[in-house]
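Asker: For reference, the chains in residue letters:
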Amino acid sequence: MIILVINSGSSSVKFQVFEMETELVLCRGIVEKIGSNFSKLKLKYGKDGSYEESSEILDHRIAISKIISVITDPRFSILPDVTVIMAVGHRVVHGGESFTGSVLISTDVIDAMERCIELAPLHNPPNIRGIKICRELLPNVPQVGVFDTAFHQTMPDYAYLYGLPYSLYEKYKIRRYGFHGTSHYYASREAARIMGRDVLELKIITCHLGNGASIAAVKNGESIDTSMGFTPLEGLVMGTRCGDLDPAIIPFLIEKDQLTMDGINNLMNKHSGVYGLAGMKTGDMRDLELAADNGQKRAILAREIYAYRIRKYIGAYAAALGGVDAVVFTGGVGENDPQMRERSLAGLQFLGLELDLERNKLRDPGVISTGSVWILVIKADEELVIAREANRLVLALH
Amino acid sequence: MDLNIGNQDRLKTRLRELAEKFHVSESDLAYELARIHCEDLMLLQRYPTDIDDTDSIEMKVIGVIGSETIGRGIAKIMAVRGVRVVMIGESDGDVTQSMETMHCNLDWLITKWELTETEKKLILQNIHATSDFGKLADVDIVFDTTRLTFDRKLGLYQKLDRTIPSRTIVAIDDETCPLERISKGISHPDRLIGFHFIYPVSRRKIVEITPIRTTSAEVIRRMAGVSRFLDKEFVVLHETIGGVSTRIMAPFINEAIRLWSEGCATAYEIDRVMRLSMNLPMGPLEYADTIGLDVIFQIMESLWRFYGMLQFKPPERLGYMVKSGLLGKKSGQGFHTYKASQIGEVL
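Here the protein sequences line up with chains A and B, keeping their order.
Letter 86 of the first sequence, counting from 1, is numbered 85 in numbering that gives the first Met the number 0, and no numbers are missing.
Letter 202 of the second sequence, counting from 1, is numbered 201 in numbering that gives the first Met the number 0, and no numbers are missing.
Among the hints, erroneous ones may be present.
[Said to hold, decoys possible] No more than 30 Å apart at the CA atoms, straight line, and that leaves these computed lysine-lysine pairs for BS3-like:
1. Lys111/B with Lys280/A
2. Lys41/A with Lys119/B
3. Lys39/A with Lys269/A
4. Lys119/B with Lys255/A
5. Lys202/A with Lys378/A
6. Lys269/A with Lys204/B
7. Lys134/B with Lys255/A
8. Lys111/B with Lys39/A
[Claimed, not checked] The calculated label-pair distances, taken between Cβ atoms and stated as ranges, are:
9. Ser260/B with Ser10/A: 47 to 55 Å
10. Gly100/A with Asp137/B: 48 to 56 Å
11. Leu121/A with Leu14/B: 40 to 48 Å
12. Glu200/A with Asp230/B: 47 to 55 Å
13. Tyr168/A with Pro199/B: 31 to 39 Å
14. Glu99/B with Gly294/A: 32 to 40 Å
15. Glu99/B with Gly278/A: 19 to 27 Å
16. Glu19/B with Leu252/A: 54 to 62 Å
17. Gly294/A with Arg271/B: 51 to 59 Å
18. Ile249/A with Cys103/B: 47 to 55 Å
[Stated by the list, open to error] With the C-beta cut set under 7 Å, the calculated list includes, among others, these residues of chain A facing chain B:
19. Asp261
20. Gly262
21. Asn265
22. Leu266
23. Lys269
24. His270
25. Lys280
Simulated from the structure, these hints should not be mistaken for lab results.
Quick caveat, the model's predicted, so the values are computed rather than measured.
Idealized CB from N, CA, C, for every residue including glycine.
Using the sequences and the hints, build the whole thing.
Answerer: Structural data, given as structure tokens:
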């Protein structure tokens, strides 16, 4: 069974082709800078084959047609033709309250997705565009939508509601949704597999630390709380996002500096986080670690703030879960920054979190703890989850 | 006849009601009405109703004539969205100075958190400022932001006819420009359209689109798409000089200046009353200072000349101030006095 996974963003489309019997990745790639005349298609296939072309790719339709033609191009011998594609799995950022799991896409489903646009005005429209185009280009292939928010739909109401008037939840559906659901789901399942235990009997804290970062409390396989909220702005301090904040700061700043709505939104989303704290014109954790190691004071402070926020959430979620069996690190920073893992866990020995300092330094994913509570590094693989979901739903059709 | 988008459905309903009332078919009635007001009804059919597809506006590179405030504003909002911009200034000196101002403005916007350093780079990378008119040769849309006398304006468009390909749209920001008259003197009147931004260009969420009788439906549709692309609402106006905002703003400022010259209140007091009573971000006199008193004078004079109504007649005092070089914020002195730090231009 061949599955194509599509992640259609505002100016790029990522893709991956899976052979599901062995879960082998046949190829992966990206079309970047859509809408410009120096768009790029990058493809990696087989053992170490790679291919790149630059051309003018004006819209998502052309981008996706290009992807389909390149994965069926005889030069790369990835797929003989499009008829072998049994399903297309799509990443969709926001499913609101309508989607608690992955779905086979129909016109009704697209309508429901369009009603969620208000909740994710930047992300959902390109996701939906990708789906519509695939339906047209591959009309006989079932399409499956996998939502970033779906895994967190199991949160209890006391965890997802804010201390705002209840009428605002009824009127605008203002509540915690949480994001990176696919990643938290995968990380918790992989952790249980490595531990040799059933996820349904475990209390796991998953830390997805990438450009955006969030943390989730997973109890008996279900998400019961997560740090991102109504939008991906809440929670941890991130590359350029501020995370948790006293909301009164916002009207204060608007008034003080006569800021516009765009100004204040950009301030919190693009100028904050370690970028704004360190003032180094970069939100990349690798640059920050380097500068801090060289003694730059604000960089040292920024990474301490970043780690402290993670530590606080781990503590809070240990309380929410009533104990913890495993803490999982995943995502770009979570997988590749041993210093940040060490810093985040500092002083948490009382919870049974003992880091194996030697193993922590190794690049390989795996177990990095010596104490009673497991600490694991797991390579994020959201595409595989999307492919599995598509596979599952399509098999159920027959 | 009122031809706003929102009124289309009402017009259609009205047509059906009238047809029933007079026991004629809708098509017969439409035919009769069409004979009476043929061109207006034709206009109605050309008006865009639902523009949500901004993919088809075919806009990769645009031209902006004029490197003053509005020109820079358009260049910025296009460039930040990845559109390449050719901005034409009058002389090399103008162009250099304009780009220096642009740098300062972008830095100022960074301090207001509205831009990141990366976005500033992207904007500057996408703007090519020049005094060479020939560089407009392959742009998709030209935005003209100049305010010129009729003869010079006509001359400009005749020159454009020789420079740009026939597919290129000519969008005119100057809401007081008599487009119908201009259209008689140029070779492609179908691509001429009024497209008025409101200062400050990046902040105001609406544009006024003023097609003329010759404007093609395709051009109206594409320009409506452009406003959507820029995250702005649009209103399509019908046969007007001055649009809505300027027609109303001019007498508003005019009256404020009269009050002020009568001496019944200071400029500060007039602005304070209007700001607080009508919940405006700034009072009429500060607004005039911000736009530039020379521009305000020009606008009033054009409207006065066209309509002959006293409410548009520029007050003598305003003419005196302009001739004395008191131009508002840009000169540091207008109805109010400004310190250099207050002059940060919003693009």
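Asker: For every hint, state whether the structure bears it out.
Answerer: Cross-check of the supplied hints:
1. Lys111/B with Lys280/A: holds, 16 Å
2. Lys41/A with Lys119/B: holds, 27 Å
3. Lys39/A with Lys269/A: holds, 25 Å
4. Lys119/B with Lys255/A: Answer holds: Lys119/B to Lys255/A is near 24 Å, not above 30 Å.
5. Lys202/A with Lys378/A: holds, 20 Å
6. Lys269/A with Lys204/B: Given pair Lys269/A, Lys204/B holds - Cα atoms ~22 Å apart, limit 30 Å.
7. Lys134/B with Lys255/A: violated, 44 Å
8. Lys111/B with Lys39/A: violated, 34 Å
9. Ser260/B with Ser10/A: 47 to 55 Å: holds, 54 Å
10. Gly100/A with Asp137/B: 48 to 56 Å: Holds, at about 51 Å.
11. Leu121/A with Leu14/B: 40 to 48 Å: holds, 41 Å
12. Glu200/A with Asp230/B: 47 to 55 Å: holds, 50 Å
13. Tyr168/A with Pro199/B: 31 to 39 Å: At 37 Å between Cβs, range holds.
14. Glu99/B with Gly294/A: 32 to 40 Å: 37 Å Cβ-Cβ, so the 32 to 40 Å window holds.
15. Glu99/B with Gly278/A: 19 to 27 Å: holds, 26 Å
16. Glu19/B with Leu252/A: 54 to 62 Å: Hint holds: Cβ distance 59 Å, inside 54 to 62 Å.
17. Gly294/A with Arg271/B: 51 to 59 Å: holds, 53 Å
18. Ile249/A with Cys103/B: 47 to 55 Å: violated, 27 Å
19. Asp261: holds, 5 Å
20. Gly262: holds, 5 Å
21. Asn265: With a minimum Cβ separation of about 5 Å from chain B (threshold 7 Å), the hint on Asn265/A holds.
22. Leu266: With Cβ-Cβ at 4 Å, under 7 Å, it holds.
23. Lys269: OK, holds: Lys269/A within 7 Å of chain B, min 5 Å.
24. His270: holds, 5 Å
25. Lys280: Holds: closest Cβ of chain B sits about 6 Å from Lys280/A, inside 7 Å.
Hints 7, 8, 18 from the list above are not met by this structure, while the remaining hints are.
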